[in-house]
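**Q** What follows is each chain in one-letter form.
Number of protein chains: 2
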Amino acid sequence: MAELERRFRRLSHIEGAEGVLGWDWAVNMPKGGAAARSAQMATLAEIGHGLLTAPDLPALFDDAATELDDTTPDTDDVADHIGWQRANLAEMRGRHAHATALPADLVVRQAEASSACEMIWREARAANDFARFAPALDHVLSLAREVAAAKGAALGLSPYAALLDAYDPGRNPEDIDRIFTRLEAELPVIREAALAAQAARPQPVRPHGPFPVTAQRTLGIRLMTMAGFPFDHGRLDVSHHPFSGGVPDDLRITTRYDEADFAESAMAVLHETGHALYEHGLPKAWRDQPVGLARGMTLHESQSLLIEMQASRSRPFMTAFAECARLAFGADADDPAYGADNLHALMVRVKPGLIRVTADEVTYPGHVILRYRLERAMIAGDLAVTDLPGAWAEGMARLVGVVPDTDRDGCMQDIHWPTGSFGYFPTYSLGAMAAAQLFQAARRALPDLDDDLSRGDFAGLLGWLRANVHSQGCRWSADELILRATGAPLGADDFLAHLRQRYLGGAAA
Amino acid sequence: MAELERRFRRLSHIEGAEGVLGWDWAVNMPKGGAAARSAQMATLAEIGHGLLTAPDLPALFDDAATELDDTTPDTDDVADHIGWQRANLAEMRGRHAHATALPADLVVRQAEASSACEMIWREARAANDFARFAPALDHVLSLAREVAAAKGAALGLSPYAALLDAYDPGRNPEDIDRIFTRLEAELPVIREAALAAQAARPQPVRPHGPFPVTAQRTLGIRLMTMAGFPFDHGRLDVSHHPFSGGVPDDLRITTRYDEADFAESAMAVLHETGHALYEHGLPKAWRDQPVGLARGMTLHESQSLLIEMQASRSRPFMTAFAECARLAFGADADDPAYGADNLHALMVRVKPGLIRVTADEVTYPGHVILRYRLERAMIAGDLAVTDLPGAWAEGMARLVGVVPDTDRDGCMQDIHWPTGSFGYFPTYSLGAMAAAQLFQAARRALPDLDDDLSRGDFAGLLGWLRANVHSQGCRWSADELILRATGAPLGADDFLAHLRQRYLGGAAA
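These protein sequence lines are chains A and B, in that order.
Counting in my numbering, the first sequence runs from 1 upward without gaps.
Counting in my numbering, the second sequence runs from 1001 upward without gaps.
By construction, these hints were calculated from the structure, which means they are not laboratory data.
Idealized CB from N, CA, C, for every residue including glycine.
Treat the hints with caution; some may be incorrect.
What the hints assert, rightly or not - Computed Cβ-Cβ distance ranges for the label pairs, DEER-style:
1. A:Val213 to B:Arg1455: 34 to 42 angstroms
2. A:Arg93 to B:Thr1053: 30 to 38 angstroms
3. B:Arg1455 to A:Pro210: 57 to 65 angstroms
Pulled out of the complex, with its shape left as it was, chain A reads as follows (with noise of 0.2 angstroms):
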């Protein structure tokens, strides 16, 4: 065992390093020191494949696993030890037969063509120029394809399944039809509901900008503050679309800035900071082995939707929010537009738009679901890329009911696909179902919660969240590491409850 971790500790770095030149490139990079960083970048790649396919892990993997079982736990801590490094190794199996599944060239072209895609997805989409992006994304697709289909056959999965596994362990295409299923067809219904009864109501005031971003980002910092960011481990940054990054101990959270409203950014930041949370709250013990890191990005987006959706634009949390949106902008203590109910109105408003990061938690899940089947079809061969435009209109009406102008608002808006990360989509509403579903267990073991809130003190949910979620690493399936947490299975129940309680319940919530 001690071999594979010291190599899975290498690999750790490797890829720590490459958490940390990702991070640059979207923040501090020059436009031509593109091709540099992409060699640097594939060569870090080409390193940490050939760590994950040495010919000799299956072996250790064997040695290990005999070791395992030879010894003799005394004490429950041995035991739970024990447990760790069983868990530990199969994740490390896990991985190698990802790698393996995938020959090293392979690798290297789709991480030069990613960052080729990229590059160009960001001029191109400043440009509305869905022409000279297509042939890039065109070559990132059909080199996802090559991957899905290589690794299906070496996991025994389907093509997009292999991809799926990637990013949340163990999740299938039917647990996800499943569950999307069931929100088309009830979210439609609370979605007009909510509207409906979002105009029978006064309308909320907006604040009066223009915010600057100085003040904004003092705001964020503050937010954060009060969420538990650890600012020694850690930093706020600008990037032209937010992300978390970095690694546990070194957090690097970016997000943008509008001069004319700061609800955007504050809680992006929010968002952010619950993903940055879950890094750093992951097992100090197992730092740099694969148990020890996050379980997957169904799990990874619950943390980030339960501190912004569930927490943060709660009514309780408004009251202390609005107290630091009146001090950032130097608002009187009587102005309508900073009320927490006023605030908490324009937080929760349902409002169907052409962005999904900026899409309300009502209309998100239609984002989902049409790049979810969008890109179903794109990996089984059934869509092609200069198709996606007409694909996106008609999918937009459907599922969202509103239809983009512009390629920029419509399939160029994400940097997913141009970065080559297919199947990644559906996490982000599976991460939604599981957000409400742990909040509610918090609630339910946290009976100050909403007072703790309205004053700004996390303390307590961020206590039960490192207990139930964050500590865990590994150590479990997303869907046991749910199971155990909030004594179900992850489903659709409580995120449905969620929102018929917030925008067509009486009390706010």
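Since the structure of chain A is already known, use the hints to place chain B on it.
**A** Chain B in isolation, oriented as in the chain A frame:
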């Protein structure tokens, strides 16, 4: 040759990644990220070391040499290409010889100790706490001595010469002793005469601050633009100590700001720009190959000092500089403090002081000679770290004429020793010699140089440097390059003549 080029290209990618991670460490990293970053960089260093020490390299070197010998060049272009390939092979052999001198575990221990010591140094320096710093430095020194002994034995050099060779290949301590002994004899005379001449002239007026950081940054970017810095391939940031990092196509230079004095930061920016222009001008056809790298630290420092000391502090350039400064800080056109003559008098003011990085060019070599004597003694085992403060005070009194009150302003002021860089300091003053010699040659080739600089036009100078220095990479040794570019071997004549003209001459220079 192709296989060797492939391997050294991978090495270049890894070293490029280290370059960006090192920049991030100094510019962005939160304190709590140090352990993880240290581990990442140690692993990358170990992988790089593994590439340089691969057991089959000597055979590949011999094959490549035979391949080159067997090629009959039928055109001048082919002959030139073979010349570059031969030089590339020689550089590869040199790097291999340095790397195989050291066992892999020593490389890792040194990287870890340096990272740890740098963090302690940052805190201990702020707290002026030499007692806290000393054990960490002692550990770094003991590893440096181990390195020096191992390299000396492998390369057939004295331990200190082996350290020098890593920074300035082929340089030996006797060269340095010859030049430094002459400087020690002549500089005190020039210094005293300059101080007397300076005291006899009307005293210059300091522009009245404060100078806001944002305005200083704008000035810095304007100066970088004038000097030809390619902003699509680089950026300016802030760090504790100015430096030039990144890679040739992604240049990361830093400065620091003092709101009471804009000149220090502006000149640091021009200094680092000189380094960056060298990197960016290295031969594009040999990017990622050893022969495409900069030719050692003496030549590197010559490029920063040529831009800063020779060109930017000259009386002609002060005409352009004064206009930029007035614009940046909103000064009146007739403000006497912003007059070109007045600013020039401030820029070339001789003032024996405690701090190397802010020393004038007349007293700077004294600081370097001190460090050179002390580090030679430490590497030889003749000076213990605990005796450093006393030896520092004695040396400063003798070589610069002033003595520090604190270790912060004494032996703890520089980042070099804490990060394990012994043998680096002499290259600063050898670089000053080379800068004066190269600038003199450029002046002979460019009759309009003073006029150009007075208009802030560096294009002619940059063109000459690109052709004669930057584009040459490691095609020749540093001394051969200087001989080809200037017609004379490296010496102190032009430097001493420059000082006499600028500080003792009639016309302002």
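**Q** A separate judgement is required for each hint: does it hold in the structure or not?
**A** Now the hints, each set against the structure:
Separation of valine 213 of chain A from arginine 1455 of chain B is about 36 angstroms and conforms to the stated range, judged on CB atoms against 34 to 42 angstroms. Between arginine 93 of chain A and threonine 1053 of chain B the beta carbon distance is about 32 angstroms. The supplied range of 30 to 38 angstroms therefore holds. Separation of arginine 1455 of chain B from proline 210 of chain A is about 40 angstroms and departs from the stated range, judged on CB atoms against 57 to 65 angstroms.
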